[in-house]
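Single-letter residue listing:
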Amino acid sequence: MNASMLESALLQTHFDVIPFGIYVMDVATYELVFVNRHFRDLLGATEGGTCHKVIYDSDTPCLHCRIPELLTPEGMPNGVTAIYDHYNERDERWAQLQEKTMGWPDGRVVKYSIAVDISELKETQNRLAEAHAELAIRNRELSAQNRILQENIELREHVERIARHDLKAPLSALVGLPQVLLDSYDLPESATAIVRLIEQAGHSMLEMLNQSLILFRLETGTYVLSPKPVDLMDLAQRTVGRLAGLPAAHGRTFQVTFAGRSPRPGEEVGYPGDALLLEPMLQNLLLNAVEASPEGGCVTLDFRMEPDRLLLAVSNAGEVPEPIRARIFEKYVTMGKRGGTGLGAYSATLAVRAHGGRIELDATVPGRTTIVVTLPRSGDVTA
Amino acid sequence: MKPLRMMVVDDSGLTVKKMSKLLEELGHTVAAVATTGQQAVSLYAPTAPDIVTMDITMPDMNGIEATRCIMAENPGACIVIVTSHGQEQMVMDAIEAGAKGYILKPVKKEKLEETLETIAGKYL
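Protein chains in written order, with my numbering: chain C, 1481 to 1863; chain Y, -14 to 109.
Derived by calculation from the structure, the hints in this document are not laboratory data. It cannot be assumed that every hint is accurate.
Covered stretches of chain Y, as calculated for chain C (at least 3 residues, CB under 8 Å) [claimed, not checked]:
{"no.": "1", "stretch": "5 to 14"}
{"no.": "2", "stretch": "52 to 63"}
{"no.": "3", "stretch": "85 to 93"}
Sample of chain C residues at the chain Y side, in silico, Cβ under 10 Å [stated by the list, open to error]:
{"no.": "4", "residue": "L1543"}
{"no.": "5", "residue": "A1562"}
{"no.": "6", "residue": "S1664"}
{"no.": "7", "residue": "D1666"}
Even for Gly, the Cβ is constructed at its ideal location relative to N, Cα and C.
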């Protein structure tokens, strides 16, 4: 046995005692020069075959092959050790590979590779990566849905804006011409009544459009509050008078009070605010209350003046269903009534907020619902 | 679930064989096989598969690039990445390219079935 063979045998003995798979291959030809006992037991006698065929069952050199990183430009060992994880398609196992080039005793430049099986460790890591991917996919899907929703909202607002603008022009004829008819023609009484109805309908529609415009400005933050003295008692009594004639109020009554007692004749509840917001706010709260009230019920509106705030409490018999209590002031949330848009309480909330106030649901008394509005009296109202 | 027409993309003949066997066991048909990213892009339209399983590391064009190309031409394409790469950046790149599923090798039959069912339920 010559010195080179002896050295080779020593190296092989040394590699054989290592309890991991080790192979040595010729970097020029990919020929397997040696595999240790561990690999021999798994793969059989493989020396002479190419590493990519024997270990990875591939007819061509592997895409992940690191030999170029382990050689000098002259093709000699550069002392670098490459460490990386690799999945072997042949046996479906994961290995951490540690590779380095060296001079083999017979003069060839070889790469030796130590493979430690890390399949169990990878199993956990891979499940984690799959869960991470699943989350990322769901996030992407959610973002796409949100984008569509946002686009729909913007489109609807755009259409609403156009509709409001375009509707106002023809409405001016509907509001103005009935008076011209009445003044210019001697209409019979029945026709006069019809013309008055047309005029009232036109005014109602114009009012709704104006409200809708204000709601839009409140929502988009373009509304600026210019407070003027408003008599809320007068507004409330006029609103109640109007609502009492509605079919929804049939068999129900209203009661407006001040600190729990009937108001004295001419008694005012003065507040610096915007009547264009406060009147529909009262109307929406009273209408919701009367619609939710059972037949024979009484809807009450009580004003209470405190040094720094004004309290309004609208109360009716009946309860708001538990599931929607927390969302009752949100847009499009209805209490299940037929034809409800879910805009009444929302619009009232915007009007309250525009005055720097707050609105709350009080469901503490069983069988009753009370909406409490608190408006600041500091004068520092903000939109 | 209804049988799907599948396209398998992987440069490893072994993986193609194993994946095809798994898919057939699940009742699906392998309508086409591509062994490079470029081939996958060319074969996608004429094959019109329900779902593609796509490897990442392949010669000429990698699976993420191929996914991006297929999605650009066919926004409704359903592509599941099947790879040995679990690094976060790789996952994010694949999802950003439009992949609708991500499975790590070795592929487990149950995971493959669950992923295909989810995608078929949502998109097909």
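Outcome of the hint check:
1. Coverage of a stretch by a chain is defined here by at least three residues with a beta carbon nearer than 8 Å to that chain's beta carbons; for the stretch 5 to 14 of chain Y and chain C the count is 0, and the condition is violated.
2. Note: the stretch 52 to 63 of chain Y has 0 residues with beta-carbon separation from chain C under 8 Å; the three-residue rule is not met and the coverage is violated.
3. Counting residues of the stretch 85 to 93 of chain Y whose C-beta sits closer than 8 Å to any C-beta of chain C gives 7, which meets the bar of three, so the coverage hint holds.
4. Given hint, C:L1543 at the interface with chain Y, holds; its Cβ is 6 Å from that chain's nearest Cβ, closer than 10 Å.
5. Look at C:A1562: its Cβ only gets to about 17 Å from chain Y, farther than 10 Å, so that hint breaks.
6. Residue-level restraint check for C:S1664 is violated (minimum Cβ-Cβ distance to chain Y is 64 Å; threshold 10 Å).
7. The interface hint given for C:D1666 is broken, as the beta carbon of that residue sits about 69 Å from the closest beta carbon of chain Y, more than 10 Å.
Taken one by one, the earlier hints fail for this structure at numbers 1, 2, 5, 6, 7, listed in ascending order.
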